[in-house]
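Novice: Residues per chain, in single letters:
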Amino acid sequence: MNESEVLVKVEGLSKKFCKDLKTSLWYGVQDLVSNIRGNKNERQLRDKEFWAVKNINFELRRGECLGLIGHNGAGKSTLLKILNGLINPDSGKITIKGNVGALIELGAGFNPILSGRENIYNNGAVLGFNKEEIDSKIENIIDFSEIREFIDMPVQNYSSGMKVRLGFAVAAQMEPDVLIIDEVLAVGDLGFVTKCFKKIDSLLPKTAVVFVSHSMPMVSRISTQILLMEKGRMEYYGKDVAVGINSYYKKFTNNTTSVLLDDGSIEDFAFEILTDNNIVNWGEDLNFTASFKNNKLKQIPYISIGIYDKENRPVVLMRYDEKKVSISKGKIRLNFIHKKIQLSRGVYTFNVIVNEKFNRNAVFRVNNIQQLFVECDTESFPPFLLDTTLLDVLYEK
Amino acid sequence: MQLETKIYQKENSLKLTKQLKESIKDLFGSHFLAKQLAIRDVRSQYRQSYLGIIWAFITPVTSALVWIILNLTGTIRISDTGVPYPIYAFSGTLIWSIITESINSPSSSTNAARGIITKINFPKEALVLSGIYKLFFNSTIKIVLLVIFIFIFGIGFHWSLLLFPLAIAICVLFGTTIGLFMTPIGLIYNDIAKIIRMGLSFLMYVTPVVYIIPKEGIMKAIMEINPFTALILTCRDLAFGTATEYLGYFFWIFLISVALFFIALMFYRISIPIIVERLSA
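Chains as they are written, first to last, in full-length UniProt numbering: chain Y, 1 to 397; chain L, 1 to 281.
Calculated directly from the structure, the hints in this document are not laboratory data.
Given the structure is predicted, the values throughout are model-derived calculations rather than measurements.
Backbone N, C-alpha and C define an ideal beta-carbon position, used for all residues, glycine too.
One thing to keep in mind: the hints can contain errors.
Below are the DSSO-like pairs computed for lysine-lysine, each with C-alpha atoms no more than 27 Å apart in a straight line [stated by the list, open to error]: (1) Y:Lys-97 / L:Lys-21; (2) L:Lys-10 / Y:Lys-54; (3) L:Lys-10 / Y:Lys-48.
For the chain L half of the interface with chain Y, some residues (derived, Cβ under 7 Å), not all of them [as the list claims (entries may be wrong)]: (4) Leu-3; (5) Arg-47; (6) Ile-116; (7) Pro-273.
I would like the entire structure built from these sequences, with the hints used as guidance.
Specialist: Quick look at the structure:
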């Protein structure tokens with residue numbers, strides 16, 4: 001079998017939707033009639049319609065994974081539905097080779113009254129297995145789901161996590177050529193998510209995967225190419241995963257500062273980064289200052305400075321030695337420097353806590369007080385790009 | 001190994017004959033899925049009920065009882081039916097309930113599966129087939145009940161009784177075909193289901209369900225044209241071993257239903273993507 005065969009080919013794909021329910025239903029009836037006659041006409045937008053998916057093109061080979069990202073409502077799910085053959089496109093063409101497996105909603109068709117075991121048969125049948133296949137796989141399915149103890153209990157008493165476990169366990173038995181995954185791993189505990197990823201990893205070399213998720217770490221972990229959608233259109237498509245993901249993050253630059261704590265000990269707190277437009281190049285020094293008007297503090301406060309990445313995960317806590325010096329009322333300014341910044345390219349935000357002393361008695365706390373843009377030639381997804389030197393190369397004896 | 005290639009695009013590029021062939025292939029290929037869905041529905045329905053299987057025939061039995069009481073008390077006068085009136089009324093309402101259930105079956109099966117048709121791609125013909133399986137299950141209970149009544153009321157066994165289940169199967173086919181044509185639009189507008197329900201309750205009075213065809217007048221003409229008359233009377237005649245007057249008409253209905261069934265199925269198949277588009281939750 002040719003390893004580089006194109007399994008999914010999408011050309012100029014478009015799909016329109018209607019914003020108004022009544023009109024939408026009426027168009028549905030019209031489409032029913034015109035569909036029977038074949039309807040070869042070019043489709044134009046009718047009143048109250050919009051393009052939910054417009055002119056999408058991509059190719060996916062065996063062993064590749066397309067990360068499909070974008071805002072809520074960017075058209076990702078619609079695209080998946082067309083790929084899965086649930087709805088027909090309004091123009092363009094999809095060519096898919098081989099079996100298509102979809103992890104779109106796990107445990108679809110579970111009946112709440114019936115037991116987990118009975119539902120395995122139903123769900124398996126819906127996914128296209130026959131009785132013998134399910135009989136031979138049922139033990140694997142129960143083991144994979146790790147809920148053997150409850151397998152004969154009605155599904156209505158399962159937690160949502162347990163339902164997802166069971167649903168994934170059944171779906172994981174598929175051996176598709178093309179696998180479509182839509183944000184299904186959000187539920188389920190960490191152990192199970194890890195297990196699911198292991199399973200997906202084992203399928204990956206034999207499969208072409210389309211993966212939709214809002215979790216960029218997951219996307220960057222398995223994708224070999226990125227398609228960023230915005231209002232139904234392709235905003236970025238390419239093999240450079242980091243570039244795709246960073247253009248996604250740029251859509252969410254949020255710069256609203258929020259003060260979480262202020263007990264009046266200080267006033268007019270300001271925090272500034274001393275570069276043009278808060279941009280710093282990788283490897284350069286970062287100078288910044290904190291200033292405030294002191295009302296009640298007796299000693300120089302300890303300022304705890306945290307840097308958060310675009311996923312709002314804490315990546316950095318800045319450490320400096322506390323100076324135990326008394327201060328009086330009035331305007332005070334603290335100057336800082338961090339040498340040779342090694343954060344990778346991207347956007348970061350500063351969260352600041354002013355403490356009376358090191359780790360003691362917070363008097364003022366503010367989130368998102370400044371944004372920092374790190375520029376670098378190398379685009380990478382992990383938050384740090386640590387400067388490393390190759391010392392020498394030796395032949396081992 | 002050659003991989004199966006699927007092409008999705010706007011036109012139904014496939015010819016109708018090809019669609020029909022695929023549709024029939026999927027209908028028979030989805031036997032296991034259909035069986036599984038039918039078992040699921042029957043089981044869950046009875047597991048959550050105390051009276052269980054009684055619900056399968058309680059409606060026709062009570063509506064027959066109403067007519068029997070009206071007749072016994074002399075509130076209405078019904079012309080002689082040839083057999084004891086209670087068994088005439090019971091057989092009528094039982095067969096009628098099978099036909100109406102068949103008409104509602106495709107749309108109720110599809111409606112109940114909204115959750116999966118908008119998420120998973122599977123042969124939708126399985127939904128129709130599972131509806132037919134459920135009808136067969138319910139009809140079997142009703143037939144057994146009717147046979148018991150036949151012996152209780154002393155009509156006794158006739159060889160034609162053996163053909164009765166076959167005639168019922170044809171009623172199911174007829175009803176399902178009508179239902180299948182209604183389903184695509186019925187799923188978009190729920191007015192359709194209400195109109196059908198209302199229409200059927202009127203239709204019952206122009207069909208010899210609980211009384212016989214009058215000797216003359218406009219009602220006689222309407223009843224004789226009405227295809228439901230042929231279905232009900234032929235089933236009943238086979239069950240009671242009386243002469244079958246409408247056998248020819250019945251046979252035509254059967255042939256036409258078979259042909260229309262496959263056309264309806266194809267219509268259903270090509271309509272599903274449009275319905276999914278309008279329903280998608």
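Novice: Could you run down the list of hints and mark each one as holding or not?
Specialist: Cross-check of the supplied hints:
1. Y:Lys-97 / L:Lys-21: holds, 21 Å
2. L:Lys-10 / Y:Lys-54: Holds, because 14 Å separates the two Cα atoms, which is no more than 27 Å.
3. L:Lys-10 / Y:Lys-48: holds, 20 Å
4. Leu-3: holds, 4 Å
5. Arg-47: holds, 5 Å
6. Ile-116: holds, 4 Å
7. Pro-273: holds, 5 Å
Hint compliance for this structure: every hint is met.
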